[in-house]
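J.: Spelled out from the first residue to the last, the chains are:
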Amino acid sequence: MYDNTRPEVGSEARTLSARHYTAPDYFQQELEKIHYQMWLHAGRVEQLPKVGSYFLIELGMESVIVLRSEDQGLRAFYNVCRHRGTQLCQHASGTLPGKIQCPYHAWTYTFDGRLINAPLMDKTRGFDLRDHSLQPIAIDTWDGHIFINFAPDPSPLLEHLADLPAKFRSWKMEHLRQAAEIVYSIEANWKLVIQNYSECLHCPLLHPQLQQLSHYMSGENDPPRPTYLGGRMDLRDGVETLSQDGISPWATLPGLREYERRGVYYYAILPNLLLNLHPQYMLTFTLWPKACDRTDIVCRWSFHPNELAREGFDPSNAVDFWDLTNRQDWEVSELAQRGISSRAYRPGLYSNREELLSALDRFVVERCGAAD
Amino acid sequence: MYDNTRPEVGSEARTLSARHYTAPDYFQQELEKIHYQMWLHAGRVEQLPKVGSYFLIELGMESVIVLRSEDQGLRAFYNVCRHRGTQLCQHASGTLPGKIQCPYHAWTYTFDGRLINAPLMDKTRGFDLRDHSLQPIAIDTWDGHIFINFAPDPSPLLEHLADLPAKFRSWKMEHLRQAAEIVYSIEANWKLVIQNYSECLHCPLLHPQLQQLSHYMSGENDPPRPTYLGGRMDLRDGVETLSQDGISPWATLPGLREYERRGVYYYAILPNLLLNLHPQYMLTFTLWPKACDRTDIVCRWSFHPNELAREGFDPSNAVDFWDLTNRQDWEVSELAQRGISSRAYRPGLYSNREELLSALDRFVVERCGAAD
Amino acid sequence: MYDNTRPEVGSEARTLSARHYTAPDYFQQELEKIHYQMWLHAGRVEQLPKVGSYFLIELGMESVIVLRSEDQGLRAFYNVCRHRGTQLCQHASGTLPGKIQCPYHAWTYTFDGRLINAPLMDKTRGFDLRDHSLQPIAIDTWDGHIFINFAPDPSPLLEHLADLPAKFRSWKMEHLRQAAEIVYSIEANWKLVIQNYSECLHCPLLHPQLQQLSHYMSGENDPPRPTYLGGRMDLRDGVETLSQDGISPWATLPGLREYERRGVYYYAILPNLLLNLHPQYMLTFTLWPKACDRTDIVCRWSFHPNELAREGFDPSNAVDFWDLTNRQDWEVSELAQRGISSRAYRPGLYSNREELLSALDRFVVERCGAAD
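Quick note, the sequences are listed as chains A, B and C, same order.
Reading the first sequence from the start, the letters are residues 1 to 372 in our numbering.
Reading the second sequence from the start, the letters are residues 1 to 372 in our numbering.
Reading the third sequence from the start, the letters are residues 1 to 372 in our numbering.
Just so you know, the hints here were simulated from the structure itself, not pulled from any lab data.
Careful, some of the hints might be misleading.
As the list claims (entries may be wrong) - Below are the EDC-like pairs computed for lysine to aspartate or glutamate, each with C-alpha atoms no more than 16 angstroms apart in a straight line: (1) B:Lys123 with C:Asp3; (2) C:Lys33 with C:Asp153; (3) A:Lys123 with B:Glu8; (4) A:Lys172 with A:Glu46; (5) A:Lys167 with A:Glu260; (6) B:Lys172 with B:Glu46; (7) A:Lys290 with A:Glu62; (8) B:Lys33 with B:Glu366; (9) A:Lys123 with B:Asp3; (10) A:Lys123 with B:Glu12; (11) B:Lys123 with C:Glu8; (12) A:Lys290 with A:Glu32; (13) A:Lys167 with A:Asp222; (14) C:Lys33 with C:Asp361; (15) B:Lys99 with B:Glu70; (16) C:Lys123 with A:Asp3; (17) B:Lys50 with B:Asp112; (18) C:Lys50 with C:Asp71; (19) B:Lys123 with C:Glu355; (20) C:Lys290 with C:Glu334; (21) B:Lys167 with B:Glu260; (22) C:Lys123 with A:Glu8; (23) A:Lys172 with A:Glu307; (24) C:Lys99 with C:Asp71; (25) C:Lys172 with C:Glu307; (26) A:Lys167 with A:Asp143; (27) B:Lys172 with B:Glu260; (28) C:Lys167 with C:Glu260; (29) C:Lys123 with A:Glu355; (30) B:Lys50 with B:Glu70; (31) A:Lys99 with A:Asp71; (32) C:Lys123 with A:Glu12; (33) B:Lys290 with B:Glu32; (34) B:Lys123 with C:Glu12; (35) C:Lys172 with C:Asp143; (36) A:Lys123 with B:Glu355.
Put together the whole structure using the sequences plus the hints.
T.: See below:
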């Protein structure tokens, strides 16, 4: 039924050597050259419903306050007081009462980061409130997704997203609302999570349930792009969606075209968003690298508000299906992490179904250099 | 009511750069150049009531036996057998039966450290009991406080204490007896604990209870000294002591002068004792740095023996007040530790109420060099 | 009754300096130069009763599959798929169904390591199944003991064992069967465990029960050998075995000679097997170094199958005795580890009862160099 019609690959495409996955210094390099330079998925606009709403993002040693400002705009700042360095906010999310006040000595900042009060600093020569604003971080949104960028002067988010906004316009993601969230903490390098997501060669053995709903050889990948990797798979005949039973209790999203209703889209927007679009819902995985061998993954299921408003709405048919599938993926990714750490590990050959993985390897090595 | 009449400070006085608080190698340097060179508060004489009483001190990789010898004098030794290096004592405190015997091969030492038995060493050529005494550590006392010094030939404790014995003679600390102890383990650098203790600029926001009893602008600091930093704050009118309700169930210590009865004394005797003297009780914080971002703090409340002997004596009015205040301080110190670890942290300007913090910075940099 | 008739030792024989026990880099050196080069005790043949039976060995970052192959022979392989490095087996032991299949992409290997299936690799130019066999590890057995060797081309196990097979032939260890197992995890360097095992100078103080059954000055050691260290101790008159009460509910092993029935044999087969032979049972300790200051110890008690088949068979008289003795030994070894970590630790003199410890020191330094 499905032939392996993709072009041949050469034997020069091999998995990366071990240090790319196991060396703490290479991991630090990746943070510096990739995560602190590129647009990162931070969350969803709906998490900041009103002025003063905020949540924290933690990456490496950095803590970032993402908030809604008085002008309804979104802002992001390093969570560091300019006096003695104290973290200003400590709860993962909440609402700030009109200003950001340091809990230590009451230095007070506006929602656009200006220092407006610094008690008893009048006897310090040369002190000027204007010199001690919070340090801003670039922030932008796309169809309800919030992205931040640690780089001082980043290129626009739209440039990063390339043709994706046009490609995924039909989903009107800005209208979707979160119905469930699971945070996973796994003992594997962040690249192994993206690589696992970027091929379905493993599906027949690892995900028999998924394989029954969507054939692993179906669909096609886009050619690898500089900032994203992705493709589409088809739902089998008679299957309405990816869920425990393949049946969808939820209406198809309004505005989807016919072929968009018969497939599932798997895109890795580098370096930290896995965007997974279904005919009835959106699934996102936001990856937070914690160490060379540890990654936190925030997984969110979002539906159309009409569905959430419906009496008896229940996302569990999709949540349970993916929670099972996720755990299968995390477990095998952890096995990969451990095996790669062995002295016996040697870079292996890729099949022609793993061209996106090879593209990720090149993406990383171009930015961080080859380890060893 | 209180004006900020202290002299202006210049903008050259800034907080230390991050590595002073976050680099494991700088922390190791601090142990070597500060803690292993200076007099350290180890505990109280009353902890060693009789011959053979001992307690252990742990700092870095070092374990020290502090004991009362046959001549009633105090001794301190490295807790290391001269045979194969085994730790001689393993319990935090206790009583030794007339000698120190290694649990491994029964090498046996007197309370002044001499090896008196080493079974079956007679066939080792050149072995002489006299060559294998325990390695001593300097020990001395001041008004009931025990200090030890890892340096081979330290200058006298009295020199280290400078004018403090005269200044605090009225409290007759050697008569006081411990009524409560809490050990805290916090995730912050030891310097942040001293810095938190050395200014009350944070009190109005962080300690509203304390602020009601003692105004944060009251009192005055001594000029910074080479071995200690400190000052005094006033009790507000009608306030008898620092306690939950400002009322003292305990008599004022005999011998205090009038102005000593109306204030609280906050002294940091470098590098590890925070001495906090109240009209009715003594509070001490003994700091044990564990890592660049971790410190154990032994907090002890001591009262006059007449009070402890009184029926229904209850220290909780003071203990609960300080336990709450301490936890507020530890939490904000941990926030400072985390914020300082950010790439966004820059040394900030001090106010003229933070001159003791700046003095601590200079003390550290003089001994250990500037990091970066 | 027992004189210390062993020859004198010189004062040049001293314990190793601290870094040999406390430096992570020296520990890594030991793994490379000792454990990854020498024959290691892996377990017992009875653990692999049938074709497909397997267990895993974990050392450093390495995981090894030890299994019984179709030809009934034993095989060992690195637990690493040749595709993308995934660990093939994740449970500590079990049975494999006719082949070794990677759980990720179904690459499939025979029990002798040949790759026989690699789905969808046909479009990778130059891919040949024969180039991707599992990486083998040397394996051999001695009287029911399984040994593995990470070295690519090791000298024969029999050479390593020297005269031990002849010396311990009477025990017919291949017939014995395991009746109990305890795994200990202790905070001490692996060498301290061997050193503790290699002298009984500590027995009178640390093991009063053992001392009642077997006098610490009894017996004699073999001269140190390049690959093992050991000796024998005598049972006291009237004592049948080492057990809680010195009485043996079990028959003496058939085939033991008279003097073998009146002693206990303590041999350290370097670097990781402590073989402890009693007249009625075998006790083994398999040491797995985890870090410079951490060792896992698998302790097994094995008896004659006639005893295990006897109604009411109960090994606890021996298990409880040794579990108590072991815990005494582990505790004092942990005290040694901590004391050696002190700056006060200096290499100490050995007695003439500790010549095997000195031999172990030389063994390590010859292979790994002297630290410092």
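J.: For this structure, which hints from the list above don't hold up?
T.: none
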